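*Asks:* Sequence:
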Amino acid sequence: MKQSNIKLKMEAKLVVGSVLILRTPKFRVLSVDAQMFQGIAALGDFRFFHVSTNHVITKSPLTGQVGAYTRAEAKSSSVEASLKYKNIFGYGDIWDGSVIYGCDNSAEVGMGMYLPRFKGLPTPFSSRLYLSTQDWLKFSSYKERSLGLSLGLLSSKYHELVYTVGWRNLIDPSRSASKSIRRQLGHSLLSALKYTFKYDQRDSYLRPTSGYAFSSTSQIGGLAPDSRSLRFLKQEIDLRCAFPFGFYNAALNLGVSGGVTFPWGSGYQNRPSSVPERFFLGGNSSPVCSLGGPSALWGFKTRGVGHNEPKRKGDDERDFIGGDAAVTAFADLSFDLPVRWLRERGVHGHVFACAGNMAKLTENEFRNVTAPKLLETFRTSVGTGIVLPTSLFRMEVCLSSLISFLYIIYIMKENVFAAPPRPHLCRPEQRDALVKLKNELE
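All the letters of the sequence shown, read from the start, carry residue numbers 5 to 446 under the working numbering.
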């Protein structure tokens, strides 16, 4: 094949795998190995640059992928398979089908379509039909089954607008759900419009050393004229900043995330929010990389922070029911390790501190939310770890210690500076709070 250097104006989209899809005025679809473009993705600007190409269109329009994945925080695994067919109609279109099956009985089947440009449309258009089952029996005693359609109406560098309509069913096969979960079992209609604004100027999303990022997601549900339609408003905000130190490639990352959800319509003050739309804190995902609202909190188990209720059976197990408002914050100091072999492979260390809390606002509970009460129930953790980056993901091995403001405040009030209070020496309301904290940390 003949090689040449061509100066082209391109739009790039990095897809899962090692393929970079480029659309140019001359070629509708061009696939090349992503290693040719190492470092370009970090620039964040795909304007004019030189590219060496063999003038070869994708060898086969049909591609497939199969993989096995593990979620350590949820102690679950899944097998995923996908099949893609590219450029059927000559517009750079991508058609795909996927199947996901989890060992926890979760599953998803989906079919999607992506059009970079079609008949003069100013932005790419995408659609996806999905059938999914999510298993939250271990944490909240319910399974979620959904059948729906998602339409990508607007997609640009900073803006995204998606409309989703779906039929949702919450069930409890164990028949042991708490009262709050039982009230929401059954069918409901999801008809929601979600707008996302994202501005990311960090030099890397896996290990940021300079720059900042901001993300805002606004969602309104209940756009269908049906009594079973979920009517809610939801707002999420993320802010990240990275400050370089100039030695050992050290950098300080600071971040804060917040979110609030609330029902709307007749009698909204007395109605609870939908459980799947609430906020849940905990898990081992890194808040440094994610820009998806308040959720990640190092050191706590999945859905392990916030309100919980005893199950119907009356045993010691409890259901985590989430909150209507949540906030998280973190500070992370990353640095190179003194071993050259590790530095060359991107392995580095970090120390971190994070905190988070949530509150219930619906059913007139917002009247009981006070600053002292929020401070007493804040959850905090500090720790250190080693980050092992790969070409597709970031893996961390961390050792963290959990801190409770409840312990600190109690000790200060009682003028005791020894061990944390013992449950049998506390007042009833303090004992309940300690039992709740124990369930979160186990």
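Don't take each hint at face value.
[As the list claims (entries may be wrong)] With a straight-line cut-off of 20 Å between C-alpha atoms, the simulated EDC-like cross-links for lysine to aspartate or glutamate are: (1) K142 x E281; (2) K202 x E164; (3) K183 x E281; (4) K147 x E369; (5) K147 x E112; (6) K147 x E367; (7) K183 x E380.
[Said to hold, decoys possible] Restraint-style ranges between C-beta atoms, simulated for each label pair: (8) L243 x V351: 54 to 60 Å; (9) D340 x L379: 17 to 23 Å; (10) L66 x R347: 38 to 44 Å; (11) G250 x W345: 42 to 48 Å; (12) L341 x L379: 35 to 41 Å.
Think of the hints as simulated: they come from the structure by calculation, not from any bench.
Keep in mind the model is a prediction, meaning the values are calculated, not measured.
For each residue, glycine too, the CB sits at the ideal point set by N, CA and C.
*Asks:* Please go over all the hints and tell whether each is borne out by the structure.
*Replies:* Verification of the hints:
Restraint check for K142 and E281: the C-alpha separation of about 18 Å stays at or below 20 Å, so the hint holds. Of the supplied pair hints, the one linking K202 and E164 holds, its CA atoms being roughly 9 Å apart against a limit of 20 Å. Of the pairs offered as hints, the one joining K183 and E281 holds, with about 18 Å between alpha carbons and a cut-off of 20 Å not exceeded. Between K147 and E369, the direct Cα distance comes to roughly 26 Å. Violation of the 20 Å bound is thereby established for this hinted pair.
For the hint pairing K147 with E112, the CA-to-CA distance comes to about 13 Å; that is within 20 Å, so the pair holds. Taken as a hint, the K147 and E367 pair is broken in the structure, with Cα atoms around 24 Å apart against an allowance of 20 Å. With a CA separation close to 26 Å, the supplied pair K183 and E380 exceeds the 20 Å bound. Range check, L243 to V351: Cβ separation about 28 Å, and the 54 to 60 Å hint is violated.
A C-beta distance of roughly 37 Å is found between D340 and L379, which places it outside the suggested range of 17 to 23 Å. For the pair L66 and R347, the supplied restraint of 38 to 44 Å holds, since their beta-carbon distance comes to about 41 Å. The beta-carbon spacing between G250 and W345, approximately 23 Å, falls outside the hinted interval of 42 to 48 Å. Restraint check, L341 to L379: a C-beta distance of roughly 37 Å satisfies the suggested window 35 to 41 Å.
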